[in-house]
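A.B. asks: So the chains spell out like this:
There are 2 protein chains.
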Amino acid sequence: MAKRIGKRTVRLEQKIGVIGYGAVVGKKEHEGPLGQEFDAFSDDNRFGEVSYEKAESRLQTLSVDTAVSKAGLEIGDIDCIFAGDLLNQCIGSTFGLRSTERPVVGLYGACSTMTLSLCMAATMLESGAAKTAVAVTSSHFCSAERQYRFPLEYGNQRTPTAQWTTTASGALVLTQGVGSVYIDEYCIGQIVDLGVTDQNNMGAAMAPSAADTLCHYFEDTGTTPEDFDLVFTGDLGQVGTDLLYDLVAEQGYALRCRHSDCGLLMFDREKQDVHAGGSGCGCSAAVLASYVMHRFEDGTFHDVLFCSTGALLSPTSVMQGESIPGVTHLVHLKGKK
Amino acid sequence: MAKRIGKRTVRLEQKIGVIGYGAVVGKKEHEGPLGQEFDAFSDDNRFGEVSYEKAESRLQTLSVDTAVSKAGLEIGDIDCIFAGDLLNQCIGSTFGLRSTERPVVGLYGACSTMTLSLCMAATMLESGAAKTAVAVTSSHFCSAERQYRFPLEYGNQRTPTAQWTTTASGALVLTQGVGSVYIDEYCIGQIVDLGVTDQNNMGAAMAPSAADTLCHYFEDTGTTPEDFDLVFTGDLGQVGTDLLYDLVAEQGYALRCRHSDCGLLMFDREKQDVHAGGSGCGCSAAVLASYVMHRFEDGTFHDVLFCSTGALLSPTSVMQGESIPGVTHLVHLKGKK
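In order, the protein sequence lines correspond to chains C and D.
Be aware that the first sequence starts at 337, since it is given in our numbering, and climbs by one per residue.
Be aware that the second sequence starts at 337, since it is given in our numbering, and climbs by one per residue.
Note: identical chains are not told apart, hence a pair may lie in one copy or across any two.
Here are the simulated DSS-like cross-link-like pairs (lysine-lysine), alpha carbons at most 25 Å apart as the crow flies:
1. Lys339 <-> Lys351
2. Lys363 <-> Lys406
3. Lys467 <-> Lys343
4. Lys467 <-> Lys339
5. Lys406 <-> Lys343
6. Lys351 <-> Lys406
7. Lys467 <-> Lys351
8. Lys672 <-> Lys406
These aren't lab readings, by the way, just hints derived from the structure by calculation.
With the sequences and hints as input, model every part of the structure.
C.D. replies: Shown next as structure tokens:
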């Protein structure tokens, strides 16, 4: 049985292990600093499909296939798939997973969805309701831009605080008791709203929720950032990362020397014109399902906190003058010592 | 520990009981056949807010408050909230639950979301990761019409197969071991696509997935519809219901005499001009959190299958010529014998 530690943290009794992972990205992501870490990429942003939306679905299909194959399984061996994306009505996941004939749990947490997906998959495995599960998310720059902002053809200018939605999908296969990396604990986040209204500054909208979840976790478990090899955030970018350092410092935690942000890892900000960094719920998913897993396997990492961060807005809510709350979910990943 | 029965069904070991429920609806729903069953309604479709979207969030806040209060709890006693709605980026849930300061799991399964929410809440309770959880969904006719179809002011005509999105929210409070109604088993559905492309015929899009999940359940458990007081579907309406009877009959099950559809219960089709019936993920939620719970309490029901049904489309996917897959999740509810 899982146990609640303190106010928010859940400690799992079973070892919920990662037995397969796959990360598939677009051309720009392949040209970035992590390019060699990913399983596959395409020079064609439509991935051979007729629309960017269908391309995003294709990304999910590919990352799931890769992860399941690396686990030495077939899709029919998977008991449940936990999936989400940024498109309206999570339609990328629907079409990406339509042909699997597996039970699907649709999730939405904006860019926090990958960690939410891991939390829910781990919960189902811990409960005994499944023996194997897949967690997957995706995002696509072109489908996100035209849905949230403007058609690409409009060529609008981006502000310095804007982030670049990552074209990527990452998938993990989880099971009980096996795997070189396992989920030891998790924290489901609350919705945190400090009143940010600038939809071109997602970092500022998400940082307060990242601070909230991290500080709850540190308090619940009596740990500090120094107890971990690294604390990853999803996609705060440079603006959100700087804010996060200030917010956790107010609560007495020094994060700077033990922190890395997937949105900053994904692109070279000097050369790739992504402004404050990468974003999108495929960003943290692809970094987790490649770079982070590889560093566990080569022994660099033993103990990592992984927190995807989400900005809870819709084009309608922004037009109606609503603020942009954030939500951050956390998993504590452990490797072989 | 939960156990997997057959291919899809999960049997829970803990008694995951309902200890509180709340249903809040709009004016038209209050005037329907179930009007007296609901906890609250408003003559004003904006529920005192400035937009239909904010009204939908208000519905969620009200139904959760009612359910938690009936459970004799305060919102701070709830370990986790499982929530979803039909609005882009599940924004109704975000703003409806923003002030709760509780961990929130965002879910998306279109009109199947209430049952998905119950499945995930029950899984978390079974795993020990939470002691109390809330499952809640909402929908609003006016916010859904302008998002999925046309602004209300356009006054477009509706086809005979069209359904009326219910303005409603339903919430259940769940816990371990207590409650007059409990979740005994559940089935997470797969995405089923028989190629329906008419977005004004949701019943036809959803019926194949309802048949798939129900037949999987009957096969896994060796039961037939006669073993239950009633089998509820979410919102197939008249068109989808007739199709469901045919589809399950092909697999040897006679459903007609033991079936009820929340979309048909919600409105009086003769008098209320809703065409094929009600829909929306607040529809099955509100019927469950009122009529179904009341019939368990007065001893009419002892054993019920409850399946919310969802049509997985987005306005973009329809415009891109994609078909409309369905998904159906199921819970088996038991009362005191």
